[in-house]
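**Q** Residues per chain are reported as follows:
2 protein chains.
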Amino acid sequence: MSDLFEFIENGSPTSVPGFKASGVVAGFKRSGAPDFALLFSERPAAAAGVFTTCLFAAAPVRYCRELLKKGNNIQAVAINSGIANACTGKQGLDAVRKTAERTAAKLGISPDSVAVASTGRIGTQMNMDIISRGLDLAVPALSSDGGNDAARAIMTTDTVPKAAAVRVKIGGVPVTIGAMTKGAGMINPGLAGLHATMLCFITTDACIESPLLAEMLEKNAQNSFNRITVDGDMSTNDTVLLLANGVSGAVIRKGTPEAEVFENALLAVMKNLARRMVKDGEGSTKLVTIEVVNARSARDAKLAAESVANSLLCKTAWFGNDPNWGRIAAALGYSGAAFDPDKCDISIDGLPVMTRGGDAGTPESVAVEHVKKPEFTIRCDFHDGDFDYWVWSSDVSYDYVKINADYHT
Amino acid sequence: MSDLFEFIENGSPTSVPGFKASGVVAGFKRSGAPDFALLFSERPAAAAGVFTTCLFAAAPVRYCRELLKKGNNIQAVAINSGIANACTGKQGLDAVRKTAERTAAKLGISPDSVAVASTGRIGTQMNMDIISRGLDLAVPALSSDGGNDAARAIMTTDTVPKAAAVRVKIGGVPVTIGAMTKGAGMINPGLAGLHATMLCFITTDACIESPLLAEMLEKNAQNSFNRITVDGDMSTNDTVLLLANGVSGAVIRKGTPEAEVFENALLAVMKNLARRMVKDGEGSTKLVTIEVVNARSARDAKLAAESVANSLLCKTAWFGNDPNWGRIAAALGYSGAAFDPDKCDISIDGLPVMTRGGDAGTPESVAVEHVKKPEFTIRCDFHDGDFDYWVWSSDVSYDYVKINADYHT
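Chains as they are written, first to last, in the working numbering: chain A, 4 to 412; chain B, 4 to 412.
Any given hint could turn out to be false.
Same chains, same names: a pair is fine if it fits in one copy or spans any two.
[Unchecked claim] Taking lysine to aspartate or glutamate pairs in the EDC-like style, the calculated list, with each CA pair at most 20 Å apart, reads:
#1 K93 <-> D132
#2 K93 <-> D348
#3 K109 <-> E263
#4 K93 <-> D345
Hint data in this document are derived by calculation from the structure and do not stem from the laboratory.
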């Protein structure tokens with residue numbers, strides 16, 4: 004399918020016709036870095052979202068869930084970084100409502116078509132003066148090449164902005180999908196729904212009704228953002244929004260070949276950003292793919308892969324260039340997955356390190372060379388069934404501890 | 004109950020009459036530190052054990068499980084640190100059998116009365132020459148005050164040896180319970196059974212049959228070793244053995260007041276060592292007690308407490324003296340526990356930081372003073388039921404990463 008779409012250089016949400024964006028310094032961050040972003044669709048757009056499953060969902064998450072439930076079209080998204088507006092009660096929800104109202108007034112649109120997202124410190128009430136200052140600056144700055152500015156403004160501990168876009172032909176008509184994301188910490192794939200501490204805003208000019216949009220987004224999130232882990236923590240603010248403004252005129256209906264082409268292109272953008280989130284994970288120096296294959300059930304494969312991906316002992320070993328397959332075996336063994344340890348093989352980038360539950364005899368000096376690389380794959384073969392699962396993980400370094408022991412926005 | 008028993012100064016497994024121990028340099032550790040311990044009971048002792056639930060259980064764990072299943076009395080335990088003898092297949096099991104045979108021959112006892120335990124690197128085959136050297140040195144060194152030498156020889160990344168003993172009167176007869184443990188890393192309370200990366204050897208001169216011994220050990224392990232976490236990883240080698248040689252003549256029968264007194268004294272020793280294992284956890288600078296109270300079910304209370312205790316974001320915040328209650332709330336919220344976030348209170352050493360799901364208004368500068376302390380308690384009150392749970396956790400520091408990125412025994 005990969006030849007059906009192509010990535011656009013410096014792609015972003017505003018690579019998609021009909022979308023504008025901006026990123027400005029509102030004043031949330033002490034560092035003076037950009038901290039308020041606005042995404043605007045000239046036409047009201049069909050919308051879908053996936054959100055954190057944390058019970059302490061932030062006020063903007065609760066607000067957006069309700070908004071999408073009503074089936075509203077969305078025309079703007081106001082995003083701040085610095086204050087999460089989580090654990091802020093009624094006052095927090097009021098702040099989101101006011102943010103939507105002020106954004107709508109500034110843009111001359113309905114408040115019901117404004118989504119809001121936040122990231123930053125939990126438990127602090129929103130500063131509405133800073134929101135207003137952000138809007139005063141961001142509305143006039145809206146631009147059809149502002150996507151990368153917006154991507155920069157939603158960063159917290161991210162070291163690089165993360166945006167992408169692909170172009171795909173749907174029935175001969177060029178369709179674009181753009182996106183931006185922030186990640187870095189509180190990142191974990193989970194049990195159900197979306198489990199990464201992240202914000203992601205996806206735009207497209209395809210013409211798709213929101214139920215199909217929601218279906219595609221949920222399915223693709225399971226195979227992209229839900230496959231990543233940095234620290235095993237899940238955020239109160241995880242939000243992925245997908246807006247389709249229909250500007251291209253390419254109509255996509257459920258069950259058609261066009262829907263499949265679009266869904267694959269959408270997955271490519273989401274996987275591209277998911278991968279980059281892990282690579283830019285807090286203190287991360289490595290991207291490690293964990294594959295569990297031939298497990299007895301999908302659940303066993305997932306439990307086992309996520310156990311390795313979240314093992315602090317494995318993650319610190321990878322940081323230390325230590326191929327220590329014993330820690331991988333231990334993490335598989337305590338994962339809760341059912342398998343026969345005497346049948347289990349482990350390989351690192353194709354190099355066998357454990358065979359049938361014991362040492363494969365590969366000299367450690369050889370295995371070290373693979374673990375030193377910035378990217379490698381650990382494959383665990385249970386030889387025990389037909390079910391596979393994979394996860395992208397990062398290592399845990401001194402910098403992870405530094406960032407999270409010192410983090411005060 | 005606490006007035007019914009007293010801790011013995013410099014107590015150890017050999018504080019108990021009839022037990023001898025030694026700890027020697029066999030040659031497993033490159034550092035030249037003691038790495039082989041022997042525990043010997045002059046009389047065959049009734050025995051009970053709890054072990055890791057990891058599917059890749061080490062060879063000595065598999066061996067001891069079988070030994071205890073047969074109901075054998077135990078007279079000696081041979082323990083090495085440096086090689087875990089896990090993921091070593093048939094050859095690993097043969098090595099355990101040989102170790103038991105050589106130990107038995109040296110001591111003039113039956114091989115069926117010798118237990119074996121190992122800790123160290125996973126995946127390396129046992130070096131039987133070093134075992135023999137260890138036995139050559141350890142047997143003549145056996146001494147009735149060798150318990151603390153043995154405690155030192157079972158250490159891996161532990162910074163201090165950990166042993167204890169209590170004396171308790173049972174029907175007017177003085178009874179002693181002694182123990183030694185090693186912990187430090189791969190420590191996590193789990194789902195069922197024993198889930199801490201640890202070795203613990205407990206001795207007593209009470210006269211108790213093994214079924215009652217097993218019952219008491221399992222119950223007490225749930226309330227001591229299964230309440231601790233350092234890094235959320237579970238080991239292949241976790242072993243807790245309890246030997247009762249009956250030398251005191253104090254007979255303890257199920258359901259009697261004597262059994263209750265003994266069980267409480269045993270719990271005191273186990274909790275003492277569990278606590279010290281967390282305090283001496285790899286890179287640990289703090290002991291944090293997590294209490295979840297008034298949850299809807301026992302399962303909800305446990306899920307919530309363990310989620311906070313294992314949250315990397317909480318643990319790094321504690322290291323950084325950051326009271327960041329938002330991270331605690333997030334960890335409760337994604338734990339899978341069912342509760343009403345709008346009723347949830349969080350306090351640190353009695354100081355409210357979150358009230359009914361929102362900021363309690365305590366200035367951060369005040370909360371910081373509590374989190375700076377080497378020990379503090381985080382209490383999460385769900386106001387939603389009658390079930391409580393608690394866990395002891397540690398922080399995650401630069402040293403944790405250093406130890407685990409560099410660890411090669």
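**Q** Work down the list of hints and note, for each, if the structure agrees.
**A** Against the structure, the hints come out as follows:
1. K93 <-> D132: within (18 Å within a copy, 70 Å between copies)
2. K93 <-> D348: between (53 Å within a copy, 16 Å between copies)
3. K109 <-> E263: neither (38 Å within a copy, 72 Å between copies)
4. K93 <-> D345: Only across copies: K93 and D345 sit 10 Å apart there, 55 Å inside one copy, limit 20 Å.
The earlier numbered hint that this structure contradicts is number 3, and it is the only one.
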